[in-house]
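Undergrad: Here are the chains, one letter per residue:
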Amino acid sequence: MDFSYPADVEAFRTEVQEFLTEHVTDAVLEEVDTGTVHSDDLHKAMAAKGWLSGAVPTELGGGGMSPLKMSVLIEELQLFRAPIDAMGVAIGMASIILELGNDFLKGEVVPRLLSGDALGAFGYSEPESGSDVAAAQTKAVRDGDEWVINGQKMWTTMAHVADYVILLTRTNPDVPKHKGLTFFIVPLDSPGIEIQPVWTMGYERSNATFYDEVRLDDKWRLGDVDGGWNVMKTALKFERGIAGGQFYSPPLIDATIDWATDAPAPDGGAMIDDPGLRESLVRAMIDVEVCRCFAQKTAYLADTGAPFGVEGSMTKLFASETFKKHSHWFMDAMGPDGLVKRVEGDGPHVAFVEETFRHAPVTTIYGGTSEINRNMVAEAHLGLPRARR
Amino acid sequence: MRLEMTDDEIAVQEVFAGFFADQCPPDAVREAADLGHSPDLWKRLAEMGAPGMAVAVEHGGGGATLSDLAVVAAEAGRRLAPVPLIEHAVAVRGLIATDPGHDAVADLVAGDRIATLALRAAIEGEARLVPGGAVADVVLGLADGALVVGGDAAPGAAQANTGDLALANRTLGDGQTLAAAGETEWRRMVSEWQALTAVGLTGLAQEALSLGTTYAMEREQFGVPVGSFQAVQHGFANVATSLEGAVFLAHKAVWALDSGNADADRLAAMAFLFAGETAQACAAASLQYHGGYGYAEEYDIQLYYRQAKARTLVLGPPSAEYRRLADVVLAPDSTEGAAA
Ligand SMILES: Cc1cc2nc3c(=O)[nH]c(=O)nc-3n(C[C@H](O)[C@H](O)[C@H](O)COP(=O)(O)OP(=O)(O)OC[C@H]3O[C@@H](n4cnc5c(N)ncnc54)[C@H](O)[C@@H]3O)c2cc1C
Chain A
0 MDFSYPADVE
10 AFRTEVQEFL
20 TEHVTDAVLE
30 EVDTGTVHSD
40 DLHKAMAAKG
50 WLSGAVPTEL
60 GGGGMSPLKM
70 SVLIEELQLF
80 RAPIDAMGVA
90 IGMASIILEL
100 GNDFLKGEVV
110 PRLLSGDALG
120 AFGYSEPESG
130 SDVAAAQTKA
140 VRDGDEWVIN
150 GQKMWTTMAH
160 VADYVILLTR
170 TNPDVPKHKG
180 LTFFIVPLDS
190 PGIEIQPVWT
200 MGYERSNATF
210 YDEVRLDDKW
220 RLGDVDGGWN
230 VMKTALKFER
240 GIAGGQFYSP
250 PLIDATIDWA
260 TDAPAPDGGA
270 MIDDPGLRES
280 LVRAMIDVEV
290 CRCFAQKTAY
300 LADTGAPFGV
310 EGSMTKLFAS
320 ETFKKHSHWF
330 MDAMGPDGLV
340 KRVEGDGPHV
350 AFVEETFRHA
360 PVTTIYGGTS
370 EINRNMVAEA
380 HLGLPRARR
Chain B
0 MRLEMTDDEI
10 AVQEVFAGFF
20 ADQCPPDAVR
30 EAADLGHSPD
40 LWKRLAEMGA
50 PGMAVAVEHG
60 GGGATLSDLA
70 VVAAEAGRRL
80 APVPLIEHAV
90 AVRGLIATDP
100 GHDAVADLVA
110 GDRIATLALR
120 AAIEGEARLV
130 PGGAVADVVL
140 GLADGALVVG
150 GDAAPGAAQA
160 NTGDLALANR
170 TLGDGQTLAA
180 AGETEWRRMV
190 SEWQALTAVG
200 LTGLAQEALS
210 LGTTYAMERE
220 QFGVPVGSFQ
230 AVQHGFANVA
240 TSLEGAVFLA
250 HKAVWALDSG
260 NADADRLAAM
270 AFLFAGETAQ
280 ACAAASLQYH
290 GGYGYAEEYD
300 IQLYYRQAKA
310 RTLVLGPPSA
320 EYRRLADVVL
330 APDSTEGAAA
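If you read the sequences in order, they're chains A and B. Residue 5 in numbering that gives the first Met the number 0 sits at position 6 of the first sequence; the count goes up by one each step and never skips. Residue 69 in numbering that gives the first Met the number 0 sits at position 70 of the second sequence; the count goes up by one each step and never skips.
A couple of the hints might just be wrong.
Below, simulated DSBU-like cross-link-like pairs (lysine-lysine); rule was C-alpha separation at most 30 Å, straight line [what the hints assert, rightly or not]:
#, chain 1, residue 1, chain 2, residue 2
1, A, Lys48, A, Lys138
2, A, Lys323, A, Lys340
3, A, Lys324, B, Lys308
4, A, Lys323, B, Lys308
Derived by calculation from the structure, the hints in this document are not laboratory data.
Can you build the whole structure from these sequences, using the hints too?
TA: Set out below in structure tokens:
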């Protein structure tokens with residue numbers, strides 16, 4: 000095997016690092032304090048670089064960036080703690096439309112998403128359906144050339160700043176659940192949409208979104224009527240390819256080292272010399288090295304056109320579970336110091352471990368819970384039968 | 000970048016997978032338990048050229064890379080082969096690197112004599128519980144900062160141990176000095192051992208896991224295979240995921256050593272520690288999902304459970320290795336992050 004990166008990818012990494020050094024300023028990191036994990040300046044600057052359109056094939060108007068470069072970009076973004084949620088949605092939504100959408104959506108929505116002028120949001124989850132995403136109940140009923148949408152979505156993150164939501168609806172309640180779903184791209188300024196904030200333990204804002212007699216022309220439909228599950232599979236494919244999340248832990252490790260370097264140990268010296276902490280730092284670094292291998296392998300498979308679904312599940316499972324574990328280790332190492340929150344006027348680097356501790360639990364939940372990923376690994380990797388569920 | 004085996008490696012894998020499956024069934028492992036070594040298996044491996052395969056052609060070896068040897072190590076690990084193949088290979092490479100004219104070289108490359116490496120520095124001239132020590136004619140190790148080669152006659156008896164390995168104490172005090180300040184050369188050998196052992200442990204873990212999932216699909220309780228219970232599946236999924244990561248990391252470490260990468264030593268230690276933990280976790284999960292039979296001598300999973308532990312601990316307590324690695328990646332007075 001040969002783990003070295005091609006010269007053009009290494010050069011690209013350097014370019015990304017230079018760009019991020021310039022653009023991921025403390026001001027950008029502080030923008031996230033509003034709870035919206037997004038910086039418009041950074042997002043637009045990345046779009047101008049062609050990096051939002053990067054993942055999209057050239058013939059579809061994209062940058063044709065290789066999955067390997069894409070993975071390097073996402074790795075560096077995470078190492079720099081850059082807010083990347085909006086990027087993930089933009090790329091995911093654009094890719095799905097380009098693969099399955101009509102000419103109107105390709106012409107109207109995709110260029111706006113990829114230039115950073117418009118933002119998207121994912122509208123899959125509902126109050127009564129999360130992991131069982133195919134159980135969605137939000138109704139879409141045809142009325143001539145139009146559709147009328149009624150229902151409620153939960154966890155529509157970014158909806159309050161976004162222009163479009165990719166909405167999973169039920170168009171046929173009388174068939175098995177996977178067979179009666181249809182997707183729409185819904186402009187969020189459509190009459191009848193209400194957005195309410197949902198605040199989280201990790202300070203991130205998500206939303207509950209309500210759809211009351213929202214009328215949409217049929218041109219906003221994405222994919223076939225009752226063909227929504229097919230769209231969902233495509234969506235998941237792109238999500239796994241670009242979701243990132245493999246490099247949650249390095250900023251936490253760095254913050255812990257920063258703290259430990261100055262923090263006095265109870266018996267003299269600095270905490271960085273504490274043998275127990277040193278061991279857990281090294282263990283965490285090994286987990287990161289494993290994540291790096293997973294990320295590289297997944298990108299490599301995507302690059303060679305091979306399927307990478309199971310690797311994607313393993314990567315998400317391993318990276319998020321180890322991250323959550325690390326967040327406990329390093330909070331514990333800090334003792335009461337770890338509990339102290341950042342107050343107004345503190346820079347974005349203060350109390351990073353505390354904030355990470357609050358954030359970590361969601362990473363094993365959203366984007367496919369650990370349990371759902373374990374199901375995937377058991378079935379697709381180990382060949383075990385579908386468990387009762 | 001190429002994250003798959005080359006055609007040559009696949010060919011080597013096929014040959015050795017077949018070889019170990021034929022020559023080293025679980026019965027052979029059990030028969031070799033007292034000495035921790037099968038002279039017969041070693042002889043056949045020597046006929047295949049394995050002991051010297053990763054030695055340069057000019058020294059009579061096969062001129063293969065560590066990556067090639069790693070393919071063999073994985074298959075040996077899969078079958079718990081009771082032979083000190085990895086210890087021998089790294090010791091011979093180390094001997095040739097420091098004393099290419101040593102009079103044992105030809106015999107060692109041919110596998111007519113066996114070499115090993117003391118993984119922990121000798122204390123007062125004595126290297127304790129050396130892997131392969133019960134059968135090695137030549138022992139390399141670190142004594143008072145010097146790389147020395149000792150040996151003479153193999154003791155021919157192992158200290159009975161958890162993993163049925165050929166462990167024995169060996170004297171290095173009266174050995175010949177290869178390098179007066181030999182820490183770097185010794186460390187290089189230990190790194191090669193760690194990376195190759197990491198690969199071997201992933202082979203062991205893959206087989207342990209496969210024993211477990213196969214059993215779980217055969218064993219029925221409550222009218223269904225126990226492998227259809229989600230609690231069981233999730234236990235397997237956790238360790239299978241770590242194992243996939245351990246395989247990549249082990250191969251990355253071997254690649255780093257082969258290509259002279261500056262991170263090679265660090266990666267080798269990381270790969271070894273992670274593979275050791277993961278192999279133990281895989282064997283433990285598989286044993287658990289065998290139920291009571293997993294605890295029975297007759298079933299093979301208990302061999303994997305014991306060996307995963309033993310093959311990891313021969314280097315020393317893992318926490319000591321984590322802390323040594325901490326000194327490599329975190330300078331004690333470090334003022335900045337070293338995570339990336
Ligand atoms: C901060 C945040 C942001 C989010 N952003 C978005 C977004 O932008 N768009 C969007 O559509 N969604 C979003 N989500 C929703 C997210 O995808 C869901 O929370 C997730 O899929 C889990 O669904 P759930 O919360 O309904 O939990 P449930 O599905 O009700 O699960 C509850 C528990 O049961 C377990 N479980 C469920 N099914 C199984 C099974 N078959 N086997 C074993 N265990 C099972 C789960 O793993 C979990 O532990 C967000 C969530 C959060 C918290």
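Undergrad: Now tell me if each hint is right for this structure.
TA: Hint by hint, here is what the structure shows:
no., hint, verdict
1, A/Lys48 x A/Lys138, "39 Å, violated"
2, A/Lys323 x A/Lys340, "19 Å, holds"
3, A/Lys324 x B/Lys308, "23 Å, holds"
4, A/Lys323 x B/Lys308, "27 Å, holds"
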